[in-house]
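The primary structure of each chain is shown beneath.
2 protein chains.
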Amino acid sequence: MKGLIHIYTGDGKGKTTAAIGLAIRARGQNLRVGYIYFHKEPERWGYAEHGILTKLGVDIFGFAKKHPHFHKDITADEIRHECLEGLGVIKGLYRENKYDLLILDEINISLRDGFLKEDEVLDILEAKPENLELVLTGRGASQKIIEKADLVSDIQAIKHPYDVGIQRRKGIEY
Amino acid sequence: MKGLIHIYTGDGKGKTTAAIGLAIRARGQNLRVGYIYFHKEPERWGYAEHGILTKLGVDIFGFAKKHPHFHKDITADEIRHECLEGLGVIKGLYRENKYDLLILDEINISLRDGFLKEDEVLDILEAKPENLELVLTGRGASQKIIEKADLVSDIQAIKHPYDVGIQRRKGIEY
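First to last, the protein sequences are chains A and B. Read in this note's numbering, the first sequence has 23 at position 23, and its numbers run on one by one without any break. Read in this note's numbering, the second sequence has 1166 at position 166, and its numbers run on one by one without any break.
To be clear, the hints were calculated from the coordinates, so they are not data collected in a lab. Some clues are possibly wrong.
Said to hold, decoys possible - To give an idea of the interface, some chain B residues facing chain A are shown, with a C-beta separation under 8 Å as derived from the structure:
| no. | residue |
| --- | --- |
| 1 | A1127 |
| 2 | K1128 |
| 3 | L1132 |
Said to hold, decoys possible - Across the chosen pairs, the derived CB separations fall in these ranges:
| no. | chain 1 | residue 1 | chain 2 | residue 2 | range |
| --- | --- | --- | --- | --- | --- |
| 4 | B | K1091 | A | P68 | 44 to 50 Å |
| 5 | B | R1032 | A | D119 | 20 to 26 Å |
| 6 | A | G51 | B | K1002 | 23 to 29 Å |
Ideal placement from N, C-alpha and C gives every residue a C-beta, glycine not left out.
Use the sequences and the hints to build the structure in full.
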């Protein structure tokens, strides 16, 4: 089965959760699933989905976890290096043919915020093993990334509770 | 914690998977989760996510499973009766205060296709217990339903593989 490239982008809620739902569906068919996240700090937020995914046999990797918003001492250069390390790991996983579905959660943000260059991310799309289903999430997917993808969902926030001052809630946002 | 009403609508891929991802996140925080689907026929498609959700302690209920597209002998009236039975079950679950998160997958379709009336679905939103987080999915959410919701994500299909003739794939679409 030829694997496609999915992108879940836009300002609305549902990008990461859609990727997690795909992971669950794929595990239900015994597909091999890897989940790589960028710019998220489980040590801070304790993303509850990670524990369940691990139990279900999904391998989880995190890169560039410390966001400058919360860690004033971290430099853009350090974050870039960690993102590049992530790309290296992805290429290693490609060579091992380790997964049927690989999720790159928030990698669009790495590009949008300048930690990765467009060519570097395009290279990850182009180097994808033919049978691998690859999923990218995060706001602000670039036009060239969208052109390379087979499936693009733009999740628009018609209403978002953050807009009316409702804070992140345990079990719903993390 | 006050529970919100979420809607995931639009033509793009990611509505049901976003709801499943939310279910996983909520279970990761030990919230009690119920999942009710309309107009889906697992006997036909074997939705792989259902087995995993059940193992994770999510209760699953299905109504109006037989779609007229595949079952020419079923009448609109029969489907309406099954949808109404679903609403009855939802109200029973409300009274029991059984869940922290309740997903009504594809209920927007019940309304869009005329099997349920707008007032009947609005009544389900209005009768929601205060602490329950309620999630509705499906294309074509009506304006009044959107007005009652706290969080609305409109998932637009910028690219969809069905458009280029790629069929439903095991582990990805079901």
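Consistency of the hints with the structure:
Taken as an interface hint, A1127 of chain B does not check out: its beta carbon lies about 21 Å from the nearest beta carbon of chain A, beyond 8 Å. Because the closest C-beta pair between K1128 of chain B and chain A is about 15 Å apart, greater than 8 Å, the hint is violated. Against a cut-off of 8 Å between C-beta atoms, the interface hint on L1132 of chain B is violated, since the closest Cβ of chain A lies about 12 Å away. In this structure the supplied range 44 to 50 Å holds for K1091 of chain B paired with P68 of chain A, their Cβ-Cβ distance being about 48 Å.
Taking 20 to 26 Å as the suggested C-beta distance range, the pair R1032 of chain B and D119 of chain A does not conform, at roughly 47 Å. Distance hint check for G51 of chain A and K1002 of chain B: the Cβ-Cβ separation is about 26 Å, which falls inside the suggested range of 23 to 29 Å.
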